[in-house]
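Here's the letter readout for the chains.
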Amino acid sequence: MTATIQTLEPVERPPTTMGSRLDGELLEVSMGPQHPSTHGVFRMNVALEGEIVRKLKPVFGYLHRNHEKIGENTSYLGSMPYTDRLDYFCSMTNNWAYALSVEKLAGIVVPERAEYLRVILAELTRLQNHVSLLGFLLNDMGAWGTPLMYAFREREKILDLFESLSGSRMMCDYMRFGGCRCDTPPGWMERAKKVVDVFPRFLDEFEKLIVSNEVVIARTQEVGKLSPELAINAGITGPMLRACGVNYDLRKVDGYGFYPRFKFRVPLGDHGDTYDRLMMRVLEMRESIGILKQAFEQIPAGPVMNPKVKIRAFRPPVGEAYGRIEAPKGELGFYLISDGGTNPYRYRVRPPSFINLTVLEDLCLGHTVADVMVILGSVDIVMGEVDR
Amino acid sequence: MIGTGILKGMAVTARNFVGSYFEKDRLITVQYPEERSALPENYRNFPFLIYDTDDAEAGLRCVACKICEKECPPQCIYIVKSEDKKPDYMGKPQFYAKVFDIDISVCMSCQICVEVCPFEAIKMDKVFELSRRERFDALLLRKSDLAKSNTYYHSICPTDAPEVDAKLAQAAAKKKPVPASPAPAGAAPATAATPSATA
Amino acid sequence: MESLDEIKARAEVVVSGAKIDIVPNGSPSQQLSLLIDNEHALAVARFLRDDPALTLDFCSNVTGVDWLDRTVKKTVKVKKTIDGEEKEVDETTEEKIPGYLEAVYHLYSMTQKHGPVVIRMRATDRAEGARLPSLTPIWRSAEFQEREIFDLYGVRFNGHPDLRRILMWDEFVDHPMRKDYREPDDYEYEPTPHDDVLDRAKQHYAPRPQLDGAEQITATDSHG
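Residue numbers (the working numbering), protein chains in the order written: chain A, 1 to 388; chain B, 1001 to 1199; chain C, 2001 to 2224.
If you are wondering where the hints come from, they were derived from the structure by calculation, not from laboratory data. What you are looking at is a predicted structure, and each value in this text was computed from that prediction instead of being measured. Don't take every hint at face value.
From chain A, some residues computed to sit far from chain C (all C-beta separations above 12 Å) [claimed, not checked]:
1) Ala47
2) Pro185
3) Val223
With a straight-line cut-off of 16 Å between C-alpha atoms, the simulated EDC-like cross-links for lysine to aspartate or glutamate are [to be verified]:
4) A/Lys55 with A/Glu28
5) C/Lys2113 with C/Glu2002
6) C/Lys2179 with A/Asp339
7) A/Lys69 with C/Glu2183
From the three backbone atoms N, C-alpha and C, an ideal C-beta is built for every residue, glycine too.
Using the sequences plus the hints, can you model the full thing?
And the structure:
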């Protein structure tokens, strides 16, 4: 077969130099739902001028699973496994928030050992959540999985504890109205103490990867500054708020559970930028270790469940209640309206990640596209909670 | 000097790498499926029905009370009650389940069916290697797939199973009439009988 | 923090013409709420945020609630004279309450660390005309949550900077969280143990074509 050289017709191509066509126009990019760094199916419509962000609109709803409507059609007990799946990293604190709201609604008292267990599990959850967040953030900044794997190595130890206690690593379904589902198996407390004793050494090592690393400092300091007035007005809660310097930690303000019995400090940030949000999580982890050590000493023996609470056909009195806790991501609240039946009339989740995203546009304006990922990583969202 | 932070980070990585040859704590990969890590006793994944004797049909503890079907949050249990009765472990005639299906593509292993069952008939299994070639019919477990013996339950839950057995034996001892009097068929006279001499 | 009666009294003084009621709450949580009328809601909210004794600067939660028309039966013990004797009789009154859509706001104070103060606003038109004033100019945390109430309940907020659907896609028509929402028959197309859903779905599909012998062909036929 002889080859013939085809003659190509000259094609009129439009000019592509920056000066003529793109000057003065904004390029709209969809940092789309399938993205390795957006922490789930999350989309941002970004209008760029070169590399600088001029407008940013977040788009949610890709993981909307109708959690609130399911809650209206399921009994109070039946909604407890669904709360595990809201913020799927922190199932124990989700369970606690829901159990707290129902206990407020129905006026149920929780025995002492159950309250101590709840505190221990919530602080373990906080440890594993913050450490994986730091791992993911370093991953997004280009460290390609190494700090993430170190973080997950420690997280696995905590998840093994959850598995031997509740039966499942992530979807624990452990808290009940009036206490906890079952008591700890023999040897659990010693294993938990060992995990908590080893953690500070790991944390020292992990901090060396973050705190003085020049790349991290250059990419996170003075990036995404949030002023305290805007933070309070926009309803930001959690470590993001405390990084701006506002002293509002629900464990101190509301004093739910037995937190008033523990001595711990609340770390506050000075600048409100991404570096402060990172350091906030590191310091909170150290405080959590302190609380855990105190709880391990103080926990008494006793029942873990209030015997007067019915498991089936649980009917709280007619009324409403709003209960909230300091979840690792912010203030997680449940608003329940009861009409006296077995299913709630209105079941509402106040998701911290959703409301923390209100200021995403304000934080990203004027920064480059690469900074958007770093800022989003420091806001700490989980789409299961944002979309419910 | 610029770059000291990065060098410190690299020292951490190097320590982890070299340490993984010496410290067991740093090398955590389990070579599945040749090695398996031990499952803790409380681990739960998908329910199963218990039968007491060797007969999977006659010894099944389930009496088709349908409480688990009602309480299941994703409604993955499907029960059809039988029309006739057969005697249970205490000798009392009870209904049984003609059809008992659990759709494990829907089941979320929340364990609520186990908590609400008044007869200790349904417990949580530990199986997780359940891959099938087909999505719908193959993932619907019927009564024959779900029924497993009490000895199996003892082997997977060594601490919980004897407690369950003790509880059932206690319930049976309370209701059983005194052995000297003729044992009546049916329920009512058991409560009217005199309390047993061994109590 | 002062009680709800005192807050109500002071708010009615500062914002003249405001009609505020206290809604009771039967549960042990004792979280009573203030029902505010729609014209003065913005002014009352500004008072709640800026008043130096209250400084409710943190709007924690904005919820939408859908109440259908309902009748509430109340049984009261009433003294009645029957045949010349005074007796206590149970009298049952039936009260018909028309339906409405409600927005509930939970307010806390970050500066003074007290709360919650719960305020409610009601829109009685459950059809297209449900309008409520938006409190986003006062608390920015209401921005996304009011959008969610619009998306899932259909309540439009006047004065909201960007009112469009947030969780459902933009072309979606109905409002899913309403109590009278009927889900489409064919949204669940996988075989499930729940036969009635499948039966409803099957009505929407065309009948399967006749088998034409294609099922006889097996995989080995195509290889030579």
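Hint-by-hint comparison with the structure:
no., hint, in the structure
1, Ala47, "holds (15 Å)"
2, Pro185, "holds (34 Å)"
3, Val223, "holds (22 Å)"
4, A/Lys55 with A/Glu28, "holds (9 Å)"
5, C/Lys2113 with C/Glu2002, "holds (13 Å)"
6, C/Lys2179 with A/Asp339, "holds (14 Å)"
7, A/Lys69 with C/Glu2183, "holds (12 Å)"
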